[in-house]
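Student: Each chain is listed here by its residues.
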Amino acid sequence: MLFNSVSFLIFLPVVFVLYWFVIKNNLKWQNLLLLCASYYFYASWDYRFLFLLIFSTVLDYGTGIMMEKSNTLTKRRFWFWTSVIINLGFLAVFKYYNFFITSFEQALSQLGISINVWTLKVILPVGISFYTFHGLSYVIDIYKDKIKAERNFVDYSLFVSYFPLLVAGPIERATHLLPQIKQKRSFKSDDAIKGIELIVWGFFKKVVIADTLSIIVNQVYTDSEHYGSEALMIGAIGFSFQIYCDFSGYSDIAIGTSKLLGIDLIQNFNFPYLSRNIAEFWRRWHISLSTWFRDYLYIPLGGSKVSKLLSVRNVFIIFLVSGIWHGANWTFLTWGAIHAIFFIPSFLIGSNRKYKEDIVHPNKLLPSFRDIFQIMITFFFVTVAWVFFRAETLTQAFQYISSILFNRAGKSLIISNVDIISYGIIFAVFFSTSVYFLYRKNKLVANHHYIRFVLSLILLILIALFGQFSKQSFIYFQF
Amino acid sequence: MKKFLQFFIGLLVTFTLVNILYLLLLPHIDWEFIKAREALAFKNQRIKLLVFGNSTAMDAVNTQLLSDKVGSAYNFSVGGSSLQTNYTQLSEYLNQNEKPEKVLLFLNSGHWNYAEFFGVNPIVEYYYNDSLKFEGLKDIPLFRFRWLFIVNFKKLISADHRNAQIVKGQLRFNRVVPDNSSIKNEPIVCGDNNFYNSEGYEYMWRIASLCKIRNINLEVFELPCWKQAQNECPDLILHGTATNNSLDLTIHNLNNYSKCDTLLDPKKDWLSTNHLNYAGSIKITEEIIRILNR
Chain A
1 MLFNSVSFLI
11 FLPVVFVLYW
21 FVIKNNLKWQ
31 NLLLLCASYY
41 FYASWDYRFL
51 FLLIFSTVLD
61 YGTGIMMEKS
71 NTLTKRRFWF
81 WTSVIINLGF
91 LAVFKYYNFF
101 ITSFEQALSQ
111 LGISINVWTL
121 KVILPVGISF
131 YTFHGLSYVI
141 DIYKDKIKAE
151 RNFVDYSLFV
161 SYFPLLVAGP
171 IERATHLLPQ
181 IKQKRSFKSD
191 DAIKGIELIV
201 WGFFKKVVIA
211 DTLSIIVNQV
221 YTDSEHYGSE
231 ALMIGAIGFS
241 FQIYCDFSGY
251 SDIAIGTSKL
261 LGIDLIQNFN
271 FPYLSRNIAE
281 FWRRWHISLS
291 TWFRDYLYIP
301 LGGSKVSKLL
311 SVRNVFIIFL
321 VSGIWHGANW
331 TFLTWGAIHA
341 IFFIPSFLIG
351 SNRKYKEDIV
361 HPNKLLPSFR
371 DIFQIMITFF
381 FVTVAWVFFR
391 AETLTQAFQY
401 ISSILFNRAG
411 KSLIISNVDI
421 ISYGIIFAVF
431 FSTSVYFLYR
441 KNKLVANHHY
451 IRFVLSLILL
461 ILIALFGQFS
471 KQSFIYFQF
Chain B
1 MKKFLQFFIG
11 LLVTFTLVNI
21 LYLLLLPHID
31 WEFIKAREAL
41 AFKNQRIKLL
51 VFGNSTAMDA
61 VNTQLLSDKV
71 GSAYNFSVGG
81 SSLQTNYTQL
91 SEYLNQNEKP
101 EKVLLFLNSG
111 HWNYAEFFGV
121 NPIVEYYYND
131 SLKFEGLKDI
141 PLFRFRWLFI
151 VNFKKLISAD
161 HRNAQIVKGQ
171 LRFNRVVPDN
181 SSIKNEPIVC
191 GDNNFYNSEG
201 YEYMWRIASL
211 CKIRNINLEV
221 FELPCWKQAQ
231 NECPDLILHG
241 TATNNSLDLT
251 IHNLNNYSKC
261 DTLLDPKKDW
271 LSTNHLNYAG
281 SIKITEEIIR
291 ILNR
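These protein sequence lines are chains A and B, in that order. Quick note: the first sequence uses this note's numbering, first residue 1, plus one each step. Quick note: the second sequence uses this note's numbering, first residue 1, plus one each step.
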């Protein structure tokens, strides 16, 4: 079931009504309802993988308890590594096995050795990277004595499979989500209104901006060797905004949906394209994943509290792992490496810790010229890296970039429905810019319900006028 | 909960009202709505020439000139129309009115995705079939008539759009967008029997069959595009079948570049890549009249 489908528009109100009106005041039944709804939500995509999700849940639930009960460190370690190995094993089989085995075969064939490899014909279970990371963070936190093992199976299962974040995050932590699941929830109108606003805003980003841009981007990338440099540049910039609006749109819908149910999820994006360097970009982009890697990989490796050489190695490791987390392809790995290369200089001179404020120059109406220049440079680097992320192969990515650099002549874009697309983008840019300025003057929006009401109404109108409704999946579902 | 329900229901109600307002407004401000309503109001009319096509024919075929020089004419074309739309319009007209002498059907195969339009134009569907059908979210007026928002929004920002007018179904636009394109040096594949018997042209044959049954003379034309999409193809005589009728059709190719070169001024007569402006419409209609009078 996609968030941008009619079935979800029926599913959510049904859950909402049952949750707040039929079984209100009974936390146990509310959680059970959410769990059933979550399993239904997941099974509607492919019921066979529901068993994998349940297995992963049982595994982490059981090993968590066993770790806590262990009276020796050896036993504790045994249960910890059992969980980690099985969890990562699933990821390895479903997501990476074919990639590594074929890469191995290709490497051997370069050396003149020919082998027949056995590849798996399996589809990737949707959301496996997300729920595996939920489970892993839970197990690691118990192992490190940060939390107690959860004894209530329904509550724990809900933590892993809570439908708003099940298939594409945000990647939640047990320390943040589990206490909310266990706490009695009361309906708060302001939160629910905020939830509706976020859902509408997320739909707008997805169906108006991302899906409109995807028409142009897909056209360019599927035939990139024949397009001229101008079209390729449009395709590259278009993808930067497409992926942001697609993924942050999903996160907004997820966070908004959860707010309707009285549960707060962590923020996943915070105006990433207004970052002034790559470090700031990573504090604003896919925040739940970058903080996950920081807490569970970078810091355990020693973080920046080791020698310069080792800390540079650590930076490379988290960027490479972040790249491969997105998918089993050299393009993702290279995307991670490029970000590491862009990040290292500011890391070495110590400027990576600058710019920690929530928005650029929060007390001014506009950022300074220097800020704008830095924002544009950062956006340029991020866009170059996105070419590798979007391309099917490394060869395509390099050709794409060299065609832009050498101003290659070629096909121009031909767009049907040009009015809907061009005016859609114009209205979207105009509206988004206006909202951004209102956001800068946060109090204005926060305190005026009528303004917020009108903004939501305008968004609904723009969705109806310019939205693309061809049931396009969210990009991050594939990860 | 009360505050939330006020917000949520208020949002849905206001959005519904905006849709209703949009639907009430369109028949008063939109050319194509006005035209479709006008055409549907024809009862027991005796119009000699009926013109059908899409937006290219709506702009290009000067029905006032046809009326003056050949006989009473009306341009039924609406933007984004498929041949199925034209068939629906013609059937509806014939059910309510006297048969015309001729039906002039205008194609625009030179445009790259012309034959990819299927289904009935939503405006025609709204007036001819079921104005209030609601089968899903796609039927909410803002979505169903979404492109008209842009058309009418352009009236706010452009005097050319504001000053355009509908005369006997023709949309008269004075704006000039010069054709700076050039003729392609690639070999051009001319349409043949197979091309015009493909799925996109199914309703052309149905129109031909309807005309044959009613003993109406059908003339089919290919309208011109900019030089980049013009061709060197001659007029074509086609054979096909529809509703058990064996049919012969002549396609008058006005998109032939020698003809366009003689008839049209690339610097003055165009409105867009395949739409003629008012000046262009006079020139192309004179050629149509010459063909009709052969």
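The hints are simulated quantities; they were obtained by calculation from the structure and are not laboratory data. A couple of the hints might just be wrong.
Claimed, not checked - Have a look at the derived ranges for each label pair, beta carbon to beta carbon: (1) T433(A) x I9(B): 24 to 34 Å; (2) S412(A) x I213(B): 25 to 35 Å; (3) H239(B) x K411(A): 35 to 45 Å.
As the list claims (entries may be wrong) - Distance condition first, Cα-Cα at most 25 Å in a straight line; then the derived BS3-like pairs of lysine-lysine: (4) K184(A) x K2(B); (5) K3(B) x K188(A); (6) K283(B) x K268(B); (7) K188(A) x K2(B); (8) K411(A) x K227(B); (9) K194(A) x K2(B); (10) K184(A) x K268(B).
Here a beta-carbon is modelled for each residue, glycine too, at the ideal position from N, C-alpha and C.
Student: Work down the list of hints and note, for each, if the structure agrees.
Tutor: These are the hints, each one checked on the structure:
no. : hint                          : in the structure
1   : T433(A) x I9(B): 24 to 34 Å   : 30 Å, holds
2   : S412(A) x I213(B): 25 to 35 Å : 46 Å, violated
3   : H239(B) x K411(A): 35 to 45 Å : 36 Å, holds
4   : K184(A) x K2(B)               : 20 Å, holds
5   : K3(B) x K188(A)               : 9 Å, holds
6   : K283(B) x K268(B)             : 11 Å, holds
7   : K188(A) x K2(B)               : 10 Å, holds
8   : K411(A) x K227(B)             : 17 Å, holds
9   : K194(A) x K2(B)               : 15 Å, holds
10  : K184(A) x K268(B)             : 73 Å, violated
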